[in-house]
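Q: Single-letter residue listing:
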Amino acid sequence: MSTDAGLSDRASNPPWWDSDLAYDFLHSPVAMAAASVALVLLIVALGADMIAPYDSNNPASANVIDARLPPGAIGFAGEHYILGTDPQGRDMLSAIIYGLRTSLIVGFSSVLLAAFVGITLGLLSGYCGGLIDSVIMRIADVQLSFPAILIALLVDGVTRTVMGRGAHDALAVPVLVIAISASYWVQYARTVRGLVLVERDKEYVLAARVTGVAPVRIINSHIRPNVMGPVLVIATINLALAILTEATLSFLGVGVPPTKPSLGSLVRIGNEFLFSGDWWISIFPGAMLVILSLSVNLLGDWLRDALNPKLSDG
Amino acid sequence: MGTFIFRRLSQTLFVVLAAALASFVLLRYVGDPVNNMVGQAASLAERDAMRRALGLDDSILLQFVRFLRDIVNGDLGVSYRFGVPVSRLLMERLPATLELSVCAMLVATLVGVPLGVWTALHRRGVLSHVLLAISLIGVALPTFLIGIVLILIFSVWLGWLPSFGRGATVAIGHGWTTGLLTTSGLKALVLPSLTLGLFQMTLIMRLVRAEMLEVLRTDYIRFARARGLPRTTVNFDHALRNTLVPVITIVGLQFGNIFAFSIIVETVFQWPGLGLLVIQSIQFADVPLLASYLVLIAFGFALINLTVDLLYAVIDPRVRAGLIVSRARL
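For the protein sequence lines, the chains are A and B, in the order given.
Under the working numbering, residues 1 to 314 are what the first sequence spells out, in order.
Under the working numbering, residues 1001 to 1330 are what the second sequence spells out, in order.
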C-alpha cells in the first residue's frame, strides 16, 4: 500500500498535452519531423515480420541465383526487389528492415543499461560523498580520457577473445550491449551526481531525513524524480551514439555475427562488392543509418533546448 | 602547480598499471601458455618442466612484476598469428598510423579554423548557415560511411584516387617507413586523411565560430574598433588570437580521438596501420597482440592527456596559479 505518493502534486500538474514541453514541440517543425521519422522507423522495426517482403532470418528466403541484383530488379521466380539484393540473393529492403530492428534493439538496450548503471552510481556518489564519491568519480575521469568507441571496441574484443568464437556468436548481442553501455555510463553518473549535490541540501530532502525516511527511499523516491530531466536528454542523444557505435563495431566485423542482419554488418557486406559497381548493398543500409541517427539526434537537440530555457537563444 | 602535476602523474601511472594488469590477466588466463608452446606429444613431466622454466609456478605477484619488467624492456611476447615478436609488428605498423593521424589533424585544423573564423565573421550569411547545417549532418554520419562514399565517388566512379593500401613507401632511419615521399603514397593518403579529418574539422569549425562570436562581443574588441584599427587587425590579431587557447586544447584532446577512429578508417581503406592490426588480432584471437595493444594504447593516451593538461597549465595562468584544478571537458 502506498497512498503517500503525491495527492497534491498530481492535481497541480497540467495534463501532458497541455504542458510547456508539448507546446514547444508543436511549435518546432524540426522536432515534429524528426519525431515522425523516428516513430515510423520504430513501427517498421517492431512490425518487421509483417512489413518486410521477405524473412531475412530465414535462409530459405535467399536465392543465390538472384544474388547482387540492382534496385528494381525482378528475381528469377518473379520476386520484386525494390532495393536490389545482397550477395546471398536476399532482398535488401527486408534485410534493412530486420537490420533496423537489430540496431534499435541494441541501441535501446545499451541506453537503458548505461542509464541504469550511470544513474545508480551518480545517485550514490552525490548522496553519499566521501570515499564512494572519490572512487566513482576518479574512475569516471579516467574513462573520460579514452574515446567511447575505443572502450566499446576493447571491451567487446577482449570478451570475444576470452569466450572463444563459438560461445561468442550466440552471445554477441548481449556482449555488444554491455560493451556499449560500459563506454557511455559516465555521462549519466557525472550529470546525476552534479544534480544530486544541488538537491541534497534542499528543504524537502532535509525534511524527509528529519522524519526518519530511510536513505535508500530518500534517494529513490525524493531525489531521483527531480534529476530525470537532463537524464532524458542525455539518453536521447546517447541513443543515436549507441546506434552508431553498434553499426561501427558490426562494420568492423566485431559486432553482431554476419548471419544476423544489422545496418552496420550490411554495409560491411556491401563494402566487399563496391568495386564491382554494386553500390546499393552498402549505400541503402548506410542511408537508413544516417536517417535514423539524424532524426534521433535532432530530437535530442530539441529536447535539450526545450528543457533548458537558458540555451534557447544560443 | 605541484599538487596538480602530482595528481595528474599518479592518475597516469594508475591507468597504465591497470591496463598492464588487464593485459597480464588476458595473457595468463586465456588459454594455457604452455599448451600453446609444446607439441601435442609432450608428457606431463615435460609440461611441468616447461612451466617451471617459464616461471609460471611462481607467485602471481612475482609473475606480474616480471611481466612489467618485460614490457619496460620492450619484450611483448610473440604474436600467435604472425609468429614474430609483437614489438616488431607494432613498430612496423606505427608509422602508417601516425602519418595518417597527423595528416588528418592537419586537414582538420587548416580547413576547420578558417571556416570557423569565416562563419563567425559572416554569421548571417547564407553560406554560413549552409556550412553549419552540413556540420550538423556530419555528426550523424558515421566515419565508415564517409569513407565508403568517398571511395565510391573518387575511386570507383571517377577513378582518380586509390581506395586501399599506402602506395609505395620509402624507408628512412630506424625501420621507419613513410609514404610522404612518393606520388602513389601521397595519393593513397588523400582519401583516408580526409575521412578521418572530416568530423574533427566540423568540430573545430564550430568551436572556433563559438569562441570567435564570444570574443567579438567583448569590450576590448569594441574599443579596438572604436580606435579605428583596421578590420583585419581587430579580427585576426585581437580576436582570433584569444580564441586559440581552447582550440589548442581541443586539437590536443582530439588527437586521441583521431587515433581511435583511425581503427575504423584503416579498416575501410585497408591501411596497414595499428588499427587494422588490432581488428585482425580480435578476429583471430591473437592474445599477445591484443594484450600489448591494450598497454600501448593506455600509455599513449595517458601521455597525450598529460601533455595537454601540462600544456594547458603553461598557457592558462589560472591553472598555473591553482585556481582551476582540471580543464573543462567538452
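No wet-lab data here; the hints were simulated from the structure.
Predicted, not measured: the structure shown is a model, and the values here were computed from it.
Each residue gets a CB set at the ideal place from its N, CA and C atoms; glycine is no exception.
One should not assume that every hint holds.
[Stated by the list, open to error] Examples of chain B residues toward chain A, derived with CB under 7 Å:
1. Val1015
2. Val1016
3. Pro1114
4. Trp1118
5. Leu1145
6. Leu1150
7. Leu1152
8. Ile1153
9. Ala1260
10. Thr1267
11. Ile1279
12. Leu1290
13. Asn1305
Q: Each hint needs a verdict: does it hold in this structure or not?
A: Hint-by-hint comparison with the structure:
Taking 7 Å as the C-beta cut-off, the interface hint given for Val1015/B holds, the closest approach to chain A being about 6 Å. For Val1016/B, the interface hint is violated, since its Cβ never comes within 7 Å of a Cβ in chain A; the closest pair sits about 11 Å apart. A cut of 7 Å between beta carbons decides the hint on Pro1114/B: the least distance to chain A is about 23 Å, and the hint is violated. Taking 7 Å as the C-beta cut-off, the interface hint given for Trp1118/B is violated, the closest approach to chain A being about 20 Å.
A distance limit of 7 Å between C-beta atoms decides the matter here; for Leu1145/B the minimum to chain A is near 5 Å, and the interface restraint holds. Checking Leu1150/B against chain A: minimum C-beta separation of about 11 Å lies over 7 Å; hint violated. Here the hint on Leu1152/B is kept, as its CB sits about 6 Å from the closest CB of chain A, short of 7 Å. The criterion of a C-beta within 7 Å of any C-beta in chain A is not met by Ile1153/B, whose closest approach is roughly 10 Å, and the hint is violated.
Below 7 Å, beta-carbon pairs count as interface contacts, and Ala1260/B has one with chain A at about 4 Å; its hint therefore holds. Using the Cβ-Cβ criterion of 7 Å, the hint placing Thr1267/B at the interface with chain A is satisfied: the shortest such distance is roughly 5 Å. Checking Ile1279/B against chain A: minimum C-beta separation of about 6 Å stays under 7 Å; hint holds. Annotation: interface hint on Leu1290/B holds; nearest CB of chain A at approximately 6 Å, less than 7 Å.
Because the smallest distance between the Cβ of Asn1305/B and any Cβ of chain A comes to about 5 Å, under 7 Å, the interface hint for this residue holds.
Consistency note: the structure conflicts with the earlier hints numbered 2, 3, 4, 6, 8.
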